[in-house]
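Number of protein chains: 2
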Amino acid sequence: MHNSDPVRISGPNALSAVEAARQIAAGSLSSEALVTACIDRILERDNLVRAWVCVDTEGAQRAARACDASAATGPLHGVPVAVKDVIDVHGLPTEMGSPIYAGYHPLADASCVALLRAAGAVILGKTVTAEFAGIAAGPTRNPLSPTRTPGGSSSGSAAAVADYMVPIAFGTQTGGSILRPASYCGVLGFKPSYNTVNRAGLKFAAESFDTIGHLARSVEDIDLVWRVLTGQPQRALPDLQSPPRLALFLTHYWHRASPETVAAIASVTTRLAADGIIVEDIAVPDGFEILSDARRTINNYERARAMSWEWHNRRDEISPQLSQVIADGSIIKFEDYVEAKKLVEHWRHWFAAETHSYDAVLTPAADGEALEGIESTGSSAFQEVWTMLHVPAISLPLAQGPNGLPVGVQFVGKLHRDNELLALSKWLMDRLSVSETIPNLKHAYTQ
Amino acid sequence: MHNSDPVRISGPNALSAVEAARQIAAGSLSSEALVTACIDRILERDNLVRAWVCVDTEGAQRAARACDASAATGPLHGVPVAVKDVIDVHGLPTEMGSPIYAGYHPLADASCVALLRAAGAVILGKTVTAEFAGIAAGPTRNPLSPTRTPGGSSSGSAAAVADYMVPIAFGTQTGGSILRPASYCGVLGFKPSYNTVNRAGLKFAAESFDTIGHLARSVEDIDLVWRVLTGQPQRALPDLQSPPRLALFLTHYWHRASPETVAAIASVTTRLAADGIIVEDIAVPDGFEILSDARRTINNYERARAMSWEWHNRRDEISPQLSQVIADGSIIKFEDYVEAKKLVEHWRHWFAAETHSYDAVLTPAADGEALEGIESTGSSAFQEVWTMLHVPAISLPLAQGPNGLPVGVQFVGKLHRDNELLALSKWLMDRLSVSETIPNLKHAYTQ
Chain A
0 MHNSDPVRIS GPNALSAVEA ARQIAAGSLS SEALVTACID RILERDNLVR AWVCVDTEGA
60 QRAARACDAS AATGPLHGVP VAVKDVIDVH GLPTEMGSPI YAGYHPLADA SCVALLRAAG
120 AVILGKTVTA EFAGIAAGPT RNPLSPTRTP GGSSSGSAAA VADYMVPIAF GTQTGGSILR
180 PASYCGVLGF KPSYNTVNRA GLKFAAESFD TIGHLARSVE DIDLVWRVLT GQPQRALPDL
240 QSPPRLALFL THYWHRASPE TVAAIASVTT RLAADGIIVE DIAVPDGFEI LSDARRTINN
300 YERARAMSWE WHNRRDEISP QLSQVIADGS IIKFEDYVEA KKLVEHWRHW FAAETHSYDA
360 VLTPAADGEA LEGIESTGSS AFQEVWTMLH VPAISLPLAQ GPNGLPVGVQ FVGKLHRDNE
420 LLALSKWLMD RLSVSETIPN LKHAYTQ
Chain B
0 MHNSDPVRIS GPNALSAVEA ARQIAAGSLS SEALVTACID RILERDNLVR AWVCVDTEGA
60 QRAARACDAS AATGPLHGVP VAVKDVIDVH GLPTEMGSPI YAGYHPLADA SCVALLRAAG
120 AVILGKTVTA EFAGIAAGPT RNPLSPTRTP GGSSSGSAAA VADYMVPIAF GTQTGGSILR
180 PASYCGVLGF KPSYNTVNRA GLKFAAESFD TIGHLARSVE DIDLVWRVLT GQPQRALPDL
240 QSPPRLALFL THYWHRASPE TVAAIASVTT RLAADGIIVE DIAVPDGFEI LSDARRTINN
300 YERARAMSWE WHNRRDEISP QLSQVIADGS IIKFEDYVEA KKLVEHWRHW FAAETHSYDA
360 VLTPAADGEA LEGIESTGSS AFQEVWTMLH VPAISLPLAQ GPNGLPVGVQ FVGKLHRDNE
420 LLALSKWLMD RLSVSETIPN LKHAYTQ
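So the protein lines, in turn, are chains A and B. Note that numbering that gives the first Met the number 0 has the first sequence beginning at 0, numbered continuously upward. Note that numbering that gives the first Met the number 0 has the second sequence beginning at 0, numbered continuously upward.
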């Protein structure tokens, strides 16, 4: 690891959740030391990165000491976790990236938070979200290159994990809000099948698409959290029984791919071919591009309704970008909304049939390296289709661009076959990951 | 109308929402007079009925006066509405029928509440829900026969509408929580197609099924609110272009129908036959009954997760009934949950194909008249299938039982064809309703 601060990066805060939990259970690491190392990292770096809305220093240290004083209660015993600030945490504010919710305290943990706590996790704090998980960016910078966006809307979650402030963070994806920041920050971002991670305690953006997922620095950590959330026993990620059958599906947005994204896809297919795995093309079918119109229709119609109270009572505190979405959604006709939902359903069936003989689809995770500037969190073009189709998707940090910044590659599984997608992801990371999962951080220190 | 209190029942509180809105817009009725009449009715009757958790007397009268001081802003201008206490209302507590949420104040209106307010509605207060919209009953009594249950979990909403305390109330249905109390209390209960009424601001029970709907005393009022919620222009309910094509589908629970439910179905088919409309039978297909197992699996798995914070932190304040559901759901295997969802999806497709040539399916709304006692809110047998299948369903008060109490008849439409179901419902009510929509209230006054 090239880094100007190798001592810190080799500290407990650099451990994976799996390894940290193992050491804590073995007594060779205390949760308090781990949490303290994460807090120290935040104190050192967050003035620059601005990944956090709220760090619960006292509460997390108290919880860590309680973990240290008791036997392991679950697979995340003593491991710190961050929570995107559109997801409720008991005892902390949920501010949604909006002045409307400044200081707002919900009563209960969201389902996903309570489930992780019950598995022993320590909630370290809340991470920056774009306003209401939309497109109006927060203050977070890409830790790998602070003049650039970390992506969004799960901006703080991706940046905090990439910067070794916390091993695991929750995000949400309605368009591309988990996989794009994961790609831009060089971590793994997982969007499970729709309607598998319970959404109680999430502020909705567009409920037909809203999906809770998580970001981490290893497939094993992604799998660990996934299995806690769904109530599956922990496992060592299994070997594949046979070489994976993969298809390449570049979507109608392929023309938007930057040279580094084109190169990332080529690099992965070439390396797979060297292993004897031929990735077959799926052509973009006629009419597929209309999905993007349907997405706008459904997203904006639902967004306008989910934000109805804020719109009618606190409109001057809503950003111009979100106001435009709500105003547009307010005049979409119900018949058009219903037709858009039927269209998406059609393509869900098409995708299931078309990919029947494959294990996963290979496709870009993002249009390229993280953009310069933090005003825009980037385009959801390469993520939104998969969110709409409800299938599981993961971004793996398998390539780098011309500036040494990460370029993710996306693998899309089949509905409710998330377990298989994660086993495949482990296989892919073992064979294809560049020498370091996260590119060196020297950019962050030299700017 | 047979009633011991004809003056009160003929007061403004007995008006439909459509008629009240018309009179308010015409200047022949003030919103304040209407709201005051509703409050007076509540003051007179709610010691007995106990439909309300919270009546916002001051806030509603203030809002009513504001309506009276301004021109009509929407189709519900000045009309009071009640909200089931699992749905958030700004400025009022949301207590979920649970001591855990005593005094809990959310910030925002739920989407459905904000949309009605924006159409001019006055939020009158919160109505009793069974604990977390589950099966542990609240204190509400059936206004038509106070020794009996009003049904649940939207108990207070059904009772308040039936007792002329308010013309419209929101409910939610995860199993049978709108249509059963509607049937028991002799009002109309409408569960729209799943994922059409936005759920932002609703506490989830089981998000795969949770559906917000509403109760009223006329089809026109149901339609009015439905169109506000979905952003459709108001309409006079259209005449049918041709006689309706109806199918009878009695489900695997038909053996549970009481004699009065059997008679209600027979009465409706006989009266339709007199109009020349032959209702064709759909036989219960092999394996259909497994849907009930799938419902338990999905409901309990999701319920355990939606209630994770309460379960791990406030368990001794959860009822034994709900604790049993959560404990069961906590050990359901993820694979079984996924299989159950696939099974339900299979039957959704079956239903769409099987009913392709019909306008609606006729089926019981409940197993009979309201049960004696208020400890149980009754069985969801005759409602739960339709909630699972995501299709729109309405209970119409078309029959009475041996005690003079209402027996609803359910009509089930096709996914996203809610508009057609409401037009059909108008046609049915015009032809088939017993002379009074709501049976006489003398029971309430003589006990």
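Just so you know, not all the hints are guaranteed correct.
One copy or two, either will do: identical chains are not told apart, so a pair holds if it fits within one copy or between any two.
[To be verified] Below are the DSS-like pairs computed for lysine-lysine, each with C-alpha atoms no more than 25 angstroms apart in a straight line: (1) K413 with K341; (2) K425 with K340; (3) K332 with K425; (4) K332 with K413; (5) K425 with K413; (6) K340 with K413.
It should be emphasised that the hints constitute simulated quantities derived from the structure, not laboratory data.
Taking the hints in turn, this is what the structure says about them:
{"no.": "1", "hint": "K413 with K341", "result": "both (20 angstroms within a copy, 13 angstroms between copies)"}
{"no.": "2", "hint": "K425 with K340", "result": "neither (34 angstroms within a copy, 27 angstroms between copies)"}
{"no.": "3", "hint": "K332 with K425", "result": "between (45 angstroms within a copy, 24 angstroms between copies)"}
{"no.": "4", "hint": "K332 with K413", "result": "between (32 angstroms within a copy, 19 angstroms between copies)"}
{"no.": "5", "hint": "K425 with K413", "result": "within (17 angstroms within a copy, 43 angstroms between copies)"}
{"no.": "6", "hint": "K340 with K413", "result": "both (20 angstroms within a copy, 15 angstroms between copies)"}
Figure legend: structure checked against the earlier numbered hints; the only hint not met is number 2.
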